[in-house]
Amino acid sequence: MINALERLGRSVLDTTGRFGRGHLFLFRTLLRFFGIFKRPSLLVQQLFSSGVLTLSIILVSGLFVGMVLGLQGYNNLVGFGAEESLGVVVSLALVRELAPVLTGLLFAGRAGSAMTAEIGLMKATEQLAGLEMMAVDPYERVFLPRLLAGIIALPCLAAMFAAVGILGGHLVGVELLGVDSGAYWSQMQASVNFTNDVVSGLIKAVVFGVVVSWIAIFEGTDCVPTSEGVSRATTRTVVSSALAILALDFVLTAVMF
Amino acid sequence: MFGVNSKSGATARAKAAKQQPVVPVLPDGEDALIKIRNLHFSRGRKAIFNGLSFDIPKGRVTTIMGPSGTGKTTLLKMIGAQLAPTKGSIEVDGQNVHRLRRKALFELRTRMGMLFQSGALLTDLTVFDNVAFPLREHTELPESLIRHLVLLRLHAVGLRGARDLMPSELSGGMARRVALARALILDPMMIMYDEPFTGQDPISMGVLLDLLRTVNETLAVTSIIVSHDLQESLSISDYVVIISDGVVVEAGSPDQLRSSDSPWVQQFLRGDPDGPVPFQYPGPTYQEDLFGESTHD
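Line by line, the protein sequences are chains A and B. Residue 135 in the numbering used here sits at position 135 of the first sequence; the count goes up by one each step and never skips. For any residue, its number in the numbering used here is found by taking its place in the second sequence, counting from 1, and adding 257.
Among these hints, one or two may not hold up.
To be verified - Facing chain A, according to a computed beta carbon distance under 10 Å, are these residues of chain B, among others:
#1 F363
#2 L365
#3 T367
#4 M369
#5 M371
#6 A377
#7 L379
#8 T383
#9 L409
#10 A413
#11 R439
#12 A440
#13 M449
#14 R470
By construction, these hints were calculated from the structure, which means they are not laboratory data. Virtual Cβ for every residue (Gly too), placed ideally from N, Cα, C.
Could you build all of it, start to finish, from the sequences and the hints given here?
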């Protein structure tokens, strides 16, 4: 009983400590925001490795998600004779929810885990300590460009996910199942509001970008510097990011819609 | 002997250190670049330093030795202000490193070099770019001059021809030589070497020993070596500090250490498995464990 209480207490203390360290880490990184203007090339490099290299998985996933939405939407709407509203269903589902959430989850799996592993290995091989001893600030040189790259890349990827998804819905609904193309596009144009739907979806993507990059970089810096420690940190990044995205999605949906 | 005469037993040493920090006196005419005073540091419940105090002479090769887990690497990290002590101070060139503001600390670090055990080369940069890295970060020198300086340093460590290789293509010894070239590129006043000889073949070891000595003599750099490799370290050192149980147990020139009458130092130098430092980890007696009441049924 005492042991169980001791373990519980230790676990609570560890979690609280990590939570505090995580916030302190984000604060210290953001404090160096203007440092990015000294070395904008680092941001471009990170945009390439976390954004461009994630693009293919985003486009393929977006296409299939749009196709499934087209198929499911058509099967349900046709019963009410409302299949011409397919464009609205597909676009609203993608723009408001599926694009930011699924892009966030895919980004966490592809780019977030890579960030954690890279920074964890830099810690394990003393590269971070080496930078400090060379009087180079790792917050400015390593962490800030990755954080900003995540914040910029995720909304762009989410927008592309939504665009390709809408094309996927069109492919199945219009090309294969015979929904009228004009109705697909015109109803979408009439019902999707730029500010309420598109901008709100992009705001979600920005928030997910902050959270995923923050978790990924922090887990890398906070890991035990061994191969097992890096592996655990990578797993934690994916799990924590996924939970954070789903929980925040609910909160943001409740606030914005 | 200008070192601290060791007393038998860890407890006695720790008690003595707690009462009054004893600072080993440097040889005549030697100035201290680094002053470590009454340093205390713990990891969890284990005390690593219990009032550690000594000086590191300017322009000399100083080796810090001691059994595993005595905090030698921790001490290097404290000198570089990567770790802070719970009590005590470290002064480098007259500045208390743990009281400096970030900017002043970074300025001081540009005058310090550190050779990590793994080399700590940036794995996404070539050998050339690794060595050029501090110059590009801290100076506004044109690329043509940077190229000359980098090639000079790479030539000095015998790796000018390896400038286009990636760190993953280097052997352990080569990686450390590149790291040494990088540590020297800003002409620092001191270099700290963390276990530079570990895992080296005889040729690499010879090259490194020669380089360390040459660097110290030609550039008048203060060298601080943390090492387990007794003979190699003693062969190039001017001053040796042996620490154990968080305090200095002996300090002096290699010859003075060899002639020390301290049983602890003699055990360490000869590598005897048993002596003042016991072979067995503290615990119940062997007889109790075998025939007494067992707690691990």
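A quick look at each hint next to the structure:
1. Here the hint on F363(B) is kept, as its CB sits about 4 Å from the closest CB of chain A, short of 10 Å.
2. Annotation: interface hint on L365(B) holds; nearest CB of chain A at approximately 8 Å, less than 10 Å.
3. Here the hint on T367(B) is kept, as its CB sits about 5 Å from the closest CB of chain A, short of 10 Å.
4. The beta carbon of M369(B) is positioned within 10 Å of a beta carbon in chain A (closest approach about 7 Å), and the interface hint is therefore held.
5. Checking M371(B) against chain A: minimum C-beta separation of about 4 Å stays under 10 Å; hint holds.
6. Satisfaction of the interface hint for A377(B) is found here, the shortest Cβ-Cβ separation to chain A being roughly 3 Å, below the 10 Å cut-off.
7. For L379(B), the shortest C-beta to C-beta distance to chain A is roughly 6 Å, which falls under 10 Å, so the interface hint holds.
8. Violation of the interface hint for T383(B) is found here, the shortest Cβ-Cβ separation to chain A being roughly 15 Å, above the 10 Å cut-off.
9. The beta carbon of L409(B) is not positioned within 10 Å of any beta carbon in chain A (closest approach about 19 Å), and the interface hint is therefore violated.
10. With its C-beta approaching chain A no nearer than about 19 Å, A413(B) sits outside the 10 Å limit, and its interface hint is violated.
11. About 8 Å separates the beta-carbon of R439(B) from the nearest beta-carbon of chain A, less than 10 Å, and the hint is met.
12. A distance limit of 10 Å between C-beta atoms decides the matter here; for A440(B) the minimum to chain A is near 9 Å, and the interface restraint holds.
13. Evaluation of the M449(B) hint against chain A yields a held restraint, the C-beta minimum of about 8 Å falling below 10 Å.
14. Violation of the interface hint for R470(B) is found here, the shortest Cβ-Cβ separation to chain A being roughly 23 Å, above the 10 Å cut-off.
In this structure, the hints that do not hold are numbers 8, 9, 10, 14, in rising order.
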